[in-house]
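Number of protein chains: 2
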Amino acid sequence: MNIAVAQSGGPTCAINASLVGVFKESLKESSIDAIFGSVNGIEGIINDNLVDLKNIILSNEDIELLRQTPSTVLGSCRYKLKDWEEDDTVYQKIVNCFKRRQIGAFFYIGGNDSMDTVKKLSEYTKQIGMDIKIIGIPKTIDNDLCVTDHSPGFGSAAKYVAATMQEIIRDSSVYSMPSVTIVEIMGRHAGWLTASSVVLHTNIETAPHLIYVPECEFSIESFLHDVENEMAKHKAVIVAISEGIEISEESSSFQSGVVDSFGHKYLSGIGKYLENVVRSKIGCKVRSIELNVMQRCSSHICSKTDIDESEQIGAAGVRCALKGETGKVMVFKRVNDMPYMVTIDSVDANKIANFEKYLPENYISPAKNNITNEAINYFMPLIQGELNIVMENGLPKHFTIKESVLK
Amino acid sequence: MNIAVAQSGGPTCAINASLVGVFKESLKESSIDAIFGSVNGIEGIINDNLVDLKNIILSNEDIELLRQTPSTVLGSCRYKLKDWEEDDTVYQKIVNCFKRRQIGAFFYIGGNDSMDTVKKLSEYTKQIGMDIKIIGIPKTIDNDLCVTDHSPGFGSAAKYVAATMQEIIRDSSVYSMPSVTIVEIMGRHAGWLTASSVVLHTNIETAPHLIYVPECEFSIESFLHDVENEMAKHKAVIVAISEGIEISEESSSFQSGVVDSFGHKYLSGIGKYLENVVRSKIGCKVRSIELNVMQRCSSHICSKTDIDESEQIGAAGVRCALKGETGKVMVFKRVNDMPYMVTIDSVDANKIANFEKYLPENYISPAKNNITNEAINYFMPLIQGELNIVMENGLPKHFTIKESVLK
Numbered sequence: 001m002n003i004a005v006a007q008s009g010g011p012t013c014a015i016n017a018s019l020v021g022v023f024k025e026s027l028k029e030s031s032i033d034a035i036f037g038s039v040n041g042i043e044g045i046i047n048d049n050l051v052d053l054k055n056i057i058l059s060n061e062d063i064e065l066l067r068q069t070p071s072t073v074l075g076s077c078r079y080k081l082k083d084w085e086e087d088d089t090v091y092q093k094i095v096n097c098f099k100r101r102q103i104g105a106f107f108y109i110g111g112n113d114s115m116d117t118v119k120k121l122s123e124y125t126k127q128i129g130m131d132i133k134i135i136g137i138p139k140t141i142d143n144d145l146c147v148t149d150h151s152p153g154f155g156s157a158a159k160y161v162a163a164t165m166q167e168i169i170r171d172s173s174v175y176s177m178p179s180v181t182i183v184e185i186m187g188r189h190a191g192w193l194t195a196s197s198v199v200l201h202t203n204i205e206t207a208p209h210l211i212y213v214p215e216c217e218f219s220i221e222s223f224l225h226d227v228e229n230e231m232a233k234h235k236a237v238i239v240a241i242s243e244g245i246e247i248s249e250e251s252s253s254f255q256s257g258v259v260d261s262f263g264h265k266y267l268s269g270i271g272k273y274l275e276n277v278v279r280s281k282i283g284c285k286v287r288s289i290e291l292n293v294m295q296r297c298s299s300h301i302c303s304k305t306d307i308d309e310s311e312q313i314g315a316a317g318v319r320c321a322l323k324g325e326t327g328k329v330m331v332f333k334r335v336n337d338m339p340y341m342v343t344i345d346s347v348d349a350n351k352i353a354n355f356e357k358y359l360p361e362n363y364i365s366p367a368k369n370n371i372t373n374e375a376i377n378y379f380m381p382l383i384q385g386e387l388n389i390v391m392e393n394g395l396p397k398h399f400t401i402k403e404s405v406l407k
Numbered sequence: 001m002n003i004a005v006a007q008s009g010g011p012t013c014a015i016n017a018s019l020v021g022v023f024k025e026s027l028k029e030s031s032i033d034a035i036f037g038s039v040n041g042i043e044g045i046i047n048d049n050l051v052d053l054k055n056i057i058l059s060n061e062d063i064e065l066l067r068q069t070p071s072t073v074l075g076s077c078r079y080k081l082k083d084w085e086e087d088d089t090v091y092q093k094i095v096n097c098f099k100r101r102q103i104g105a106f107f108y109i110g111g112n113d114s115m116d117t118v119k120k121l122s123e124y125t126k127q128i129g130m131d132i133k134i135i136g137i138p139k140t141i142d143n144d145l146c147v148t149d150h151s152p153g154f155g156s157a158a159k160y161v162a163a164t165m166q167e168i169i170r171d172s173s174v175y176s177m178p179s180v181t182i183v184e185i186m187g188r189h190a191g192w193l194t195a196s197s198v199v200l201h202t203n204i205e206t207a208p209h210l211i212y213v214p215e216c217e218f219s220i221e222s223f224l225h226d227v228e229n230e231m232a233k234h235k236a237v238i239v240a241i242s243e244g245i246e247i248s249e250e251s252s253s254f255q256s257g258v259v260d261s262f263g264h265k266y267l268s269g270i271g272k273y274l275e276n277v278v279r280s281k282i283g284c285k286v287r288s289i290e291l292n293v294m295q296r297c298s299s300h301i302c303s304k305t306d307i308d309e310s311e312q313i314g315a316a317g318v319r320c321a322l323k324g325e326t327g328k329v330m331v332f333k334r335v336n337d338m339p340y341m342v343t344i345d346s347v348d349a350n351k352i353a354n355f356e357k358y359l360p361e362n363y364i365s366p367a368k369n370n371i372t373n374e375a376i377n378y379f380m381p382l383i384q385g386e387l388n389i390v391m392e393n394g395l396p397k398h399f400t401i402k403e404s405v406l407k
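Residue numbers (the numbering used here), protein chains in the order written: chain A, 1 to 407; chain B, 1 to 407.
In short, the hints are calculated from the structure, not lab data.
There is no bait here: all hints are sound.
Copies of the same chain are indistinguishable here, so a pair counts whether it falls within one copy or spans any two.
Heads up, simulated DSSO-like pairs for lysine-lysine below, C-alpha to C-alpha not over 27 angstroms straight-line:
id	residue 1	residue 2
1	126	99
2	99	24
3	304	397
4	285	82
5	235	93
Keep in mind that this is a model prediction, so the values were computed, not measured.
Model the full assembly from the supplied sequences, consistent with the hints where possible.
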């Protein structure tokens with residue numbers, strides 16, 4: 001039998017490591033012949049745009065490079081399958097591709113939408129009596145997938161955020177005048193990544209002094225009060241804030257009140273907005289910093305724990321399919337914090353698809369403006385370890401596939 | 001005799017390495033007793049706020065940590081001395097501190113303003129017949145200091161920019177739809193740091209496809225034309241642009257036309273502005289990314305060449321003072337590109353203070369929208385090598401001095 005693997009959703013540092021896991025485990029199996037890579041997620045299956053990964057990943061060095069290359073080497077997509085009961089045109093295309101290519105197992109590395117695809121596709125193929133195993137390999141820097149202890153890609157993002165926040169603390173502390181620095185971190189509905197900056201409190205840092213997550217109500221009035229309180233204690237106040245915060249006083253004005261010279265709405269983020277609030281209401285030196293896509297692609301400071309686990313969970317997906325399971329998503333179960341230990345299990349995709357996992361209440365301080373030390377034991381193991389990054393001309397060497405090969 | 005050292009101006013990854021250079025070289029010299037650190041640059045001398053560095057830097061591990069800690073461990077300032085012919089009140093305070101602390105040499109690690117301080121202070125002390133050696137140790141991520149081949153701190157900033165840009169390229173290339181990504185890089189008048197992203201062209205990258213520096217005229221019309229040209233060739237177009245670009249059509253409208261709900265002017269950067277221009281005029285997927293302070297403080301990916309050289313130029317400053325020179329700034333002279341070799345020399349501070357060095361014409365493409373391969377030999381040696389970063393709890397370990405010790 002042949003197998004196919006695809007990558008989907010927003011980039012992380014660990015999606016290619018999961019691809020490595022699927023690829024290496026499949027190579028070991030004599031029952032598996034071709035290992036197809038689907039270009040641009042499920043779109044590659046729909047359009048029969050597949051590459052033979054054995055012709056692309058050619059050496060141990062290629063594997064090492066793939067592990068340290070961020071984003072998705074096979075491209076990605078944002079594609080949500082319709083219900084097959086409504087319209088199965090696309091499902092037929094997918095099934096045709098599976099048949100034509102003699103694909104007996106399909107591995108989908110992705111976030112919530114991709115797990116929805118795993119669920120629907122496994123239901124559809126069961127219903128038409130097709131023997132194919134559909135397995136989901138999770139990934140997301142948001143860490144908001146249910147059931148799994150954490151998501152591949154999150155640890156590296158958290159390591160980047162903490163390391164960068166620590167450097168921003170050094171940078172912001174040099175002058176004698178008081179200042180406020182607001183760091184905007186990804187996370188629309190769940191504050192995991194923002195909250196993970198709490199790990200700095202175990203080192204020498206008192207910062208971030210304030211941490212705001214979208215799980216809590218946020219009011220400008222309380223925010224200004226919090227900032228003034230911290231300014232009384234610290235010369236350089238550092239604030240970590242999730243991009244998904246909703247302001248209770250004037251719900252969406254920070255994304256709609258401003259129009260540029262083209263009459264275009266100014267989609268400034270919450271960080272920039274609060275920078276202007278602080279400047280206007282407190283009047284001190286203030287700066288906002290958006291960590292932007294660097295949070296999800298800074299492989300040069302990825303977490304070795306994350307990369308290793310992401311490879312392992314990819315490999316476990318292959319073993320799960322070979323055991324005859326389908327419609328499953330692979331998950332981590334934490335056995336212990338310190339020493340850190342996880343096992344890998346599989347659960348029905350319908351327990352993960354279309355759900356979101358939020359920060360537990362005991363991770364959030366009573367005043368809703370910081371993260372508790374209880375969260376540190378959860379986050380800390382996930383950011384441990386560094387890869388020995390292969391460098392070329394002074395820069396990390398990346399593995400890429402020529403655009404012409406990907407069509 | 002005692003000596004004093006101070007750090008000034010905007011943070012870089014290499015200012016503490018230069019402090020290490022001054023400290024270690026001074027320790028070797030039996031003629032030097034106390035090694036004072038001045039808190040917050042020249043302000044520490046003015047206010048007699050000094051610390052004894054022998055009580056603070058206590059071990060080889062401390063030295064290793066200092067070398068990998070960004071920003072200024074002694075704090076910084078933005079203080080420009082008035083002409084002493086007009087008013088020498090502050091000069092008298094400085095001289096009193098030098099006398100009271102028996103300081104025979106003062107080393108000022110900083111940028112252009114600090115070199116102006118070196119110039120004025122050496123002239124003043126000569127004029128009053130005081131025997132003190134005033135030596136400048138340059139630093140700036142802008143690389144715009146004259147005479148010296150390059151400035152300490154620049155190589156690490158350039159390495160961060162190139163490594164991050166490479167990751168942004170991976171991140172932006174995943175979807176099948178066309179897109180434009182605009183990366184805004186520091187540099188108000190000189191485009192060195194933005195231009196350094198050209199090193200990616202020696203690796204596998206065609207990006208950045210467009211590079212704009214403040215040395216050239218910039219028009220929105222040409223920019224849109226350039227972007228459309230590149231979109232015909234590449235799916236994901238990457239633009240590097242200096243923050244200091246001035247738009248010829250509507251000189252300052254991008255910083256003044258927009259007012260937020262507080263009636264505050266929206267100081268969006270050029271990147272955000274051009275993002276809105278592209279969205280409005282071309283209509284494709286577009287994102288802007290501001291590399292912000294991470295450019296000057298991301299020590300976790302610093303250049304070993306930069307850190308080593310920054311330490312060496314600090315040490316050379318001490319030897320220069322011991323030879324009896326004053327009013328000098330230490331500079332690099334490049335002997336060869338490949339194999340890379342530099343020597344360290346000293347020049348009169350008045351040849352450096354208050355001048356700016358711009359990109360040479362042959363580094364800029366005829367169409368003024370890219371950087372030539374001739375520039376690569378200049379930039380490439382500066383980003384080579386990595387420190388073996390000491391980690392703690394999964395993060396780089398920083399060296400800091402307690403706020404209470406710094407007063």
